[in-house]
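Undergrad: What follows is the residue order along each chain.
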Amino acid sequence: MSSTRRNFLSGGLRSAGLLALGGLACDGDRPHAGFLGLMENVNERFQRALFDPGRLAPELSEGEESAPEDFPAYKISRELPVAPAGWALAVRGLVARPLTLSVAELRRLPATRTRVRHHCVEGWSAVASWDGVRLAELARLAGVDRRARYVEFRSFDSGYWSSWDLESALHPQTILAYGMNGAPLQREHGAPLRLYSAVKLGYKMVKYLTEVSFLPVRTGGYWEDQGYEWFAGV
Amino acid sequence: MPRSKQPWLIRTTHWANLVFLVVMAGSGLRILAAYPFLGERGRDYGWYLLQGMRPPDALTIGGWLAGARHWHFAFAWLFVANALVYGVYLFASGEWRRRLFSPRRDARNAWGTLLHDLRLRREAPPPVGLYNGMQRLTYTGVLAAAPLLVLSGLAMYKPVQLSLLTALLGGYDAARAIHLLVLAGLALFTVVHVVQVVLHPRTLAGMTVGRDLGPEERRAPRETRLPEEAP
Chain A
1 MSSTRRNFLS GGLRSAGLLA LGGLACDGDR PHAGFLGLME NVNERFQRAL
51 FDPGRLAPEL SEGEESAPED FPAYKISREL PVAPAGWALA VRGLVARPLT
101 LSVAELRRLP ATRTRVRHHC VEGWSAVASW DGVRLAELAR LAGVDRRARY
151 VEFRSFDSGY WSSWDLESAL HPQTILAYGM NGAPLQREHG APLRLYSAVK
201 LGYKMVKYLT EVSFLPVRTG GYWEDQGYEW FAGV
Chain B
1 MPRSKQPWLI RTTHWANLVF LVVMAGSGLR ILAAYPFLGE RGRDYGWYLL
51 QGMRPPDALT IGGWLAGARH WHFAFAWLFV ANALVYGVYL FASGEWRRRL
101 FSPRRDARNA WGTLLHDLRL RREAPPPVGL YNGMQRLTYT GVLAAAPLLV
151 LSGLAMYKPV QLSLLTALLG GYDAARAIHL LVLAGLALFT VVHVVQVVLH
201 PRTLAGMTVG RDLGPEERRA PRETRLPEEA P
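Here the protein sequences come in this chain order: A and B. Numbering-wise, the numbering used here puts 134 at position 134 of the first sequence, and it's gapless, one number per residue. Numbering-wise, the numbering used here puts 198 at position 198 of the second sequence, and it's gapless, one number per residue.
If you are wondering where the hints come from, they were derived from the structure by calculation, not from laboratory data. Think of the CB as a built atom: it goes at the ideal place given N, C-alpha and C, for glycine as much as any other residue. Among these hints, one or two may not hold up.
Claimed, not checked - So the derived label-pair ranges between C-beta atoms look like this:
no., chain 1, residue 1, chain 2, residue 2, range
1, A, Gly220, B, Gly46, 38 to 44 Å
2, B, Leu130, A, Ala49, 39 to 45 Å
3, B, Gln51, A, Gly182, 29 to 35 Å
All chains, please: the whole structure from these sequences, using the hints.
TA: Quick look at the structure:
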């Protein structure tokens, strides 16, 4: 056997061995573990470094809104979730003044409208306009403590939930929405109140909200705990 | 001593690139499978003939959307780092001069090679140095496509934080289409590339162990040739 070919074979075997080792550290079924989990941390740092709290997503025109049937609505409950009687949003955690707000009270707060492109983790995009209150406004009303670094959102959709970094939550295009496309929020889109944001993927935007908690530590989320990326900024 | 035909840095980055590209393509196709349409919701691109067709599972890596995304965004860094090492070496070493397409040197030669490959011309123009003109044109095209692949990927990954880049590429959905089209182009290149290697196996040894198999060796007596090089 020529030395050329011997080198070729031994080089190939070495490479195959390294690949096998690398493959063990990459398991798509456990994306938060091993090399993939390590790189998720790297990517979170990259995304946080890239995130500019003052950068706004382009606001779009009414003509760019997707037709209602082209804006999908996902839920995890089998049936459309129904708001419990006497529904009110609770704002709690590291706040000076815990709040309980009905829809009528939320509608009396300074309103904002944002019409931006929606990015789903699946790859599709669509456009709608959203009416609501900036989360930053609620944070101001509740008096969020300096120690709060994360925000957790809970819902009445079979316990669907998520948690965010504080910076993204306080972005001016992150709102608690009670209206969509100029009309009251429909049940399939999360009525009476949902989280909407220009700076996160769709699965971070909890619908059917019940509770917003400002926390010193990060928690997880419905999809995040199953393996989806926690930061998920856009 | 003549310079090695394929320096070790080029060989190493070439094979590392193969591994990373396979991972990126496989995980990318699994991500595409989650929504196998191009164009925004309600405004599918009419020109895309594969609307709604999921890539075959056998071509995908990651198992499910979350797994594939983790593979994709982990290996993207390795892919880019490897490409940067290659790019810096290519220019710092001067290798670009004998590898990249130069119209004055390569245009006629490329055209002649194309005619020969299409069986429209009997004689193939001889290679000019390391490669013939068609090889230089193709390899340079592939190298030029790589930044577009990375930029369109970033435009999709961060359409708000990098909104200028995304707008430059025509928007989120256009970036997604560009990303897939460049992949299709690279896949086509790879098929032709592998066919050419099968037809000229000594190039595989050159790219692997770097043994110089230049014109001198080609003129070597028949009995010293490796069996697969026998006519």
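Undergrad: To test your reading of the hints: which numbers does this structure violate?
TA: none
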